[in-house]
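With these hints in hand, go ahead and build the complete structure from the sequences.
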Amino acid sequence: YSLAAPSVAFFAEVSAAEFFTATEFNVNIQPITFGVLPLAFGTTIVTVGAAAVALPLGLLTAIYLSEYADGRTRAVLKPMLEVLAGIPTVVYGYFALVYVTPFLDGVLPVELNTFNVLSASLVMGVMIVPMVSSISEDSMSAVPDTLRQGAYGLGATKYEVSTRVVVPAAVSGIASSYILAISRAIGETMIVVVAAGNLPNFPSGPGDVLPKFFEQTQTMTAAMVEVLTSEIGGGTVAYRSVFAIGLTLFGMTFALNLISDFVAERYREEYD
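In this text, residue positions in the sequence shown follow my numbering: the first is 32, and each later residue adds one.
Hint data in this document are derived by calculation from the structure and do not stem from the laboratory.
If you're wondering where the values come from, they're calculated on a predicted model, not measured in any experiment.
With a straight-line Cα cutoff of 20 angstroms, these simulated SDA-like cross-link-like pairs (lysine to any residue) come out:
id, residue 1, residue 2
1, K109, L88
2, K243, V84
3, K243, L143
4, K109, A173
5, K243, V138
6, K243, N57
7, K109, D169
8, K243, E142
9, K243, A83
10, K189, P199
11, K109, S165
12, K243, T220
13, K243, N232
14, K243, L135
15, K243, L230
16, K243, N229
Below, the structure is given as structure tokens:
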């Protein structure tokens with residue numbers, strides 16, 4: 032209700048068509064516009080970049096911990112992953128801004144904005160690796176050893192058992208970890224506020240999407256922070272836009288959680 036009531040009041044003054052189709056979001060300078068598309072694009076591009084880092088790295092980490100690491104190695108690596116998960120996100124943001132961006136600017140053959148999507152995505156990807164690896168490793172550890180022993184009995188190698196037996200058997204948990212990690216990235220605020228900038232940015236066409244990784248952007252959560260920390264009055268349309276954005280963001284993450292539950296139930300393996 033706390034999201035719905037102000038959102039209804041917002042849409043009474045701003046049409047849903049304008050909100051969901053306009054390509055500009057600006058609440059500080061005239062003319063004021065409330066297009067959520069550039070914010071949704073910013074959220075999507077940062078999340079895609081983070082997922083490109085976290086999903087394969089998290090899965091490889093889970094495979095190593097479940098199938099290759101001995102007890103001593105696992106006892107060291109798992110707490111290290113937990114430390115990564117416990118670091119405040121604002122620290123990740125400043126690390127991206129102070130260290131990752133200058134490094135990338137020195138090695139990439141393109142001009143990199145001080146605030147940019149790429150460094151924010153890379154650091155956010157590292158942040159959500161523990162979520163992917165932990166859930167995936169738990170799913171792999173739950174696969175019965177009889178499946179592994181049967182594969183070894185047929186002459187399979189360690190690599191073949193890991194990739195062709197264990198991973199397919201644990202696919203429901205792995206897929207759920209992917210979706211939950213993506214949901215976490217969508218809702219992240221401090222990393223993008225500190226490292227990705229605060230400028231809504233929408234591509235002019237398909238060919239303009241990739242260059243946006245090297246420019247600053249504004250996500251949905253960052254826009255909410257900007258409005259709430261500005262001098263905008265509490266009863267204004269601009270202030271109520273925060274709730275409309277929040278409701279949209281809630282809908283996106285809720286849909287992803289439903290998909291996660293469906294995938295977990297649809298592909299769950301039952302063993303005696």
